[in-house]
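S.K.: One letter stands for each residue in the lines below.
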Amino acid sequence: MKETDYKVTLSLIVNGETRNVRVLPQRLLSDVLREDLGLTGTHVGCEHGVCGACTVLVDGAPARSCLTFAVQMEGHEITTVESVARDGELSPLQQALHEEHGLQCGFCTPGIVMTFEAYLKENPTPSTTEIRDVLSGNLCRCTGYQNIVAAILKAAATLREKGVE
Amino acid sequence: MKPAPFSYHRPGSLSEALGLLSDLGADAKPLAGGQSLGPMLNMRLARPAHIVDLNDLLELDYVRRTGDGLEIGGMTRHHRLASAPEVRRTLPLLAEAASTIGHYAIRQRGTLGGSIVHADPAAQLPLVAVVLEAEAVIRSRAGERVAVVADFLQSIMTVDLADGELVTALRFPVPPTGTGWGFELFSRRRGDFAIASAAALIELAPSGAIAALRIAIGGAGAVPVRLDEIEHSAVGEFPDGMWCATVARCIAEAANPEEDPQIPVPFRRELLQTLAERALTAAHSRAAVA
Ligand SMILES: Cc1cc2nc3c(=O)[nH]c(=O)nc-3n(C[C@H](O)[C@H](O)[C@H](O)COP(=O)(O)OP(=O)(O)OC[C@H]3O[C@@H](n4cnc5c(N)ncnc54)[C@H](O)[C@@H]3O)c2cc1C
Ligand code: FES
Ligand code: FES
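These protein sequences, in sequence, are chains A and B. Heads up, the first sequence is in this note's numbering, so the first residue is 66 and it goes up one at a time. Heads up, the second sequence is in this note's numbering, so the first residue is 1406 and it goes up one at a time.
Just so you know, not all the hints are guaranteed correct.
[Stated by the list, open to error] In silico DSBU-like pairs for lysine-lysine, Cα to Cα no more than 35 Å straight-line: (1) B:K1434 <-> B:K1407; (2) B:K1407 <-> A:K227; (3) A:K186 <-> B:K1407; (4) A:K227 <-> A:K186; (5) A:K219 <-> A:K186; (6) A:K219 <-> B:K1407.
[What the hints assert, rightly or not] Pairwise CB distance ranges (calculated): (7) B:I1561 <-> A:R151: 46 to 56 Å; (8) B:D1568 <-> A:H163: 47 to 57 Å; (9) B:V1553 <-> A:K227: 44 to 54 Å; (10) A:R225 <-> B:D1565: 48 to 58 Å; (11) B:A1627 <-> A:E82: 43 to 53 Å.
Derived from the structure by calculation, the hints contain no laboratory data. Since the structure is predicted, the reported quantities are computational estimates derived from the model, not experimental observations. Even for Gly, the Cβ is constructed at its ideal location relative to N, Cα and C.
Sequences are here, hints too, so could you generate the full structure?
M.R.: As structure tokens, then:
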């Protein structure tokens, strides 16, 4: 049999839209997002769960897309960094990362944005220690983290002022 | 790297999952949170022909009070263990240990059953399951059996589980009211697997002397090590700072860690001593006289 014979057709909900793909069962969600759906905002670093660059939301909770198979995702809602800015306007977290210089090359940024979009909903008043604990799951080779922590504190304050949706 | 090909099965109930696993036998691997199996598949250290996804088995994601214990479903995620009020109240040691596993995103996916079956010698949940004297509930198409976790864990990443069997729950006896607890671990970077860890429980008699001590250490062997002799000789002692320090020294001396070029034995012993002392001190400070 040819490889294509093993392919399965999936109907995925990505950023609120239904997207159909035909993929092998072992295809990683990260590869489907980037290569089949062209959503290259989700980055891939290590493919074993350590670097955090590939983090997306599954039903609102952060998950490594490199440790998730696309075939598992039917019936779940996937959210990627592409959906975070609304109508060209950055989210408070993205805006704070920009203002605080929380990124240099930006490779780690999508994973950090997705992790903290979820975390700040769970904990709107995080301490620096709590932020650093959560941030331990995202490797950044450029910034030294200081400005990322500052940005997250700022975003949390902005979100509190605005009232979280 | 990318996983080798497999066929994917998504059972909708426990009985369907058990049927599939029994039919597929050794060619099949259950997939829980995928936070250990995922990397192993990506690195091709595991190449099962069939993956049986347990993520639709919501019936295995629960925390339930059962008389004098807490039963927790095999598919309960680390994040829930760390944050569920019932766990934090009745088994704070378990909640605290779960909150230190990997990272926030890892804890959203990783499960209790997966961690116990994966049996990494440095893992938090096997250590606290041993010190809390938990039992694993194991189901197969043939029926149910129960195994003490300390016996279930056989060696590095080796457990007493046959093909076709699933860990459906862990049963934790809830320690008596007033029991103090301590959990300590050391890793070079927050979220890395621990180099060494220690978990302790202390019950005090009305006099303030120790009525019962339980202590186990991780990173000192293939499986978590429970220190029976030290536990027995502690009864009747008054656990002041001096006592905690002395016992911690005995624990470090009794420990028999493996040589590792990155982590020399004396370094690991020192870590074990410090962590044991802190865990004992914390357990004593949290213990209330009965
Ligand atoms: C970056 C990173 C850091 C981590 N850090 C830590 C850490 O510090 N401490 C720690 O303890 N862990 C750590 N982990 C591992 C994590 O805790 C895993 O969640 C856990 O080891 C396995 O649980 P899982 O649900 O992901 O299982 P899976 O990866 O899905 O499965 C693991 C194994 O168990 C089997 N299995 C799963 N569930 C069952 C069941 N119910 N019955 C029978 N067999 C089953 C699978 O077939 C497989 O062999 C880390 C992981 C990553 C990626
Ligand atoms: S690519 Fe997924 S965590 Fe690094
Ligand atoms: S900004 Fe370059 S890795 Fe974080």
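S.K.: Checking against the hints above, which ones are violated?
M.R.: 2, 6
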